[in-house]
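**Q** Residue-level listing of the chains:
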Amino acid sequence: MAGTVDATLSDADLVAGCRSGDPEAWNALVERFSRYVSAIATQAFRLPPHDAEDVFQTVFMRVYERLGSLRSDDAIRPWVGQLTRNCCLDVIRASGRVIPVDEVEERVADDTIARLDEAMAVRDGLAHLGPECQEILDRFFARDESYRTIGDALEIPAGTIASRISRCLGRLRTELTDG
Amino acid sequence: MTTYDEERLGELLRLLPPAPAGWVEAAQELPRARAELDALVERAERDAAFRQALVDDLEGALRVAGVEPRPVVVEHLRRRLVQ
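Those sequence lines, one after another, are chains A and R. With this note's numbering, the residue at position 4 of the first sequence is 200, and numbering never jumps. With this note's numbering, the residue at position 46 of the second sequence is 53, and numbering never jumps.
No lab work stands behind these hints, which were simulated from the structure alone. Glycine included, every Cβ here is placed at the ideal spot set by N, Cα and C. Misleading hints may appear alongside valid ones.
As the list claims (entries may be wrong) - With the C-beta cut set under 7 Å, the calculated list includes, among others, these residues of chain R facing chain A: (1) E13; (2) L19; (3) L23; (4) P24; (5) A26; (6) A34; (7) P38; (8) F57; (9) R58; (10) Q59; (11) V79; (12) V81; (13) R85.
Claimed, not checked - Which bits of chain A does chain R cover? Going by a derived footprint, with three or more residues having C-beta under 8 Å, they are: (14) 282-290; (15) 343-357.
Claimed, not checked - Label-pair distances were calculated between CB atoms; the ranges are: (16) A:D307 to R:D54: 48 to 56 Å; (17) A:I352 to R:E14: 20 to 28 Å; (18) A:N282 to R:D64: 30 to 38 Å.
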């Protein structure tokens, strides 16, 4: 799911790879945070696609430019979250819209970001499962694909998808609890 | 320690659908785009006529350099030329 870089590499390892100029590390870093940045823009701040894309590109441009100033390589996740949040607020203010600059709306956005942080932690656990479980769970839940589409893509009988999903969710639960 | 049931795990996985592939590819291209921008800015610093042509048509100059003139890239180049 993350190019040729090991998906189980820590955030700090990816940051170190980017600092050393490894293009695959940058690709993997973008891949790892792309869903998070996009979801903050579209779910927490409900930006329309055009504005969300501007935020997305601006965030990664800033990450690329400022990676050297990051105090701790482990801190990239909250840093990316904060950068995205600030970019979204900038776009909203610049557009003259009133949402969600007031305090209540910002709190709602922050609650959504907290849920997205939890979802990122679950995806970290997903990266430690085998490729089949990663594919099945991602296709079914995140990509909203049907059993038939998943079965065709992975060349497995559609009738076995439900039981595989259940088994993979069990493994994910174990990974998150014991991992 | 947080414990999850299967329903909660499914809900959390649903929260992070893939970003559009074009957005991801453009962000992955940023280091290369940045290198092209550096070259354009350096040349503009040495060559006043090129600088004027660049200011007059930022998007065209980016296309010639092989860089997709996305708003964030155009804005970045504009800022650097002003500086």
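**Q** Taking the hints in turn, state whether each one holds.
**A** Comparing the hints with the structure gives:
1. E13: Interface hint status for E13 of chain R: holds (4 Å vs cutoff 7 Å).
2. L19: 4 Å, holds
3. L23: Since chain A brings a Cβ to about 4 Å from L23 of chain R, closer than 7 Å, the hint holds.
4. P24: Holds: closest Cβ of chain A sits about 5 Å from P24 of chain R, inside 7 Å.
5. A26: With a minimum Cβ separation of about 4 Å from chain A (threshold 7 Å), the hint on A26 of chain R holds.
6. A34: Check passed: Cβ of A34 of chain R comes within 4 Å of chain A, closer than 7 Å.
7. P38: 6 Å, holds
8. F57: 24 Å, violated
9. R58: 22 Å, violated
10. Q59: Hint on Q59 of chain R: violated, closest Cβ of chain A at ~26 Å, above 7 Å.
11. V79: 4 Å, holds
12. V81: 11 Å, violated
13. R85: 13 Å, violated
14. 282-290: Since 0 is below three, the answer is violated.
15. 343-357: Result for this restraint: violated, n = 0.
16. A:D307 to R:D54: 48 to 56 Å: For D307 of chain A and D54 of chain R the Cβ distance comes to about 53 Å; the hint holds.
17. A:I352 to R:E14: 20 to 28 Å: Hint holds: Cβ distance 24 Å, inside 20 to 28 Å.
18. A:N282 to R:D64: 30 to 38 Å: The hint (30 to 38 Å, Cβ to Cβ) holds, given that N282 of chain A and D64 of chain R are roughly 31 Å apart.
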